[in-house]
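Asker: With the numbering used here, letter number 22 in the sequence shown gets 22, and the count goes up by one each step, no holes.
The calculated lysine-lysine pairs, modelled on DSS-like cross-linking and capped at a C-alpha distance of 27 Å, are: (1) 109 / 15; (2) 117 / 104; (3) 109 / 8.
Everything labelled a hint here was simulated from the structure, so no lab data went into it.
Please read these numbers as outputs of a predicted model, since none were measured by experiment.
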Amino acid sequence: MKEYKGVKILDDTSKMGNYDMSLNMAYLKDGYAQYRDFEDEMSLTKLSRLAAEARGQSMDDYSDEEIDELMSEWSVYGESEIKGQIALLYWSICGMAVYRELTKELIDKNEELEQSKKLLDAITFTKSQMIKTWIFNDEWHVEYDNKTLKLIDWYEQKEKEGK
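Whole structure, please, built from the sequences with the hints as guidance.
Answerer: Below, the structure written as structure tokens:
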């Protein structure tokens, strides 16, 4: 599950309530808009065909590829006519599917950003602690040796050098 500001991106319908379903009923699969509810999953073209048949409009003469063009044509009828209503359903679900995918990308980018911030905070904290130790505790200093940073006891180092 992915979540951003209360919006959950889910794929398993058994884990969805009505609100989650309303946000996840349209999605993209292989670049094509799909529709799902608690019982069925289908292409948007199949849903459009079912909606048209239920309202006495036949789309049998059209291939799935032609339905996209047909929906553009039917959009001119407006919501007061059956053809316009089916086109409105089609384009609304297309838009919902695209926005769901954009939301998924936003969540992924946000998760990457949060991980980067945590890493940067850890590096900054470590660097800050080393500098504070070096500056504020005169018994220690930082030495760069063999590509690693080490805290060295200043007095032990002076004894080894014979000073």
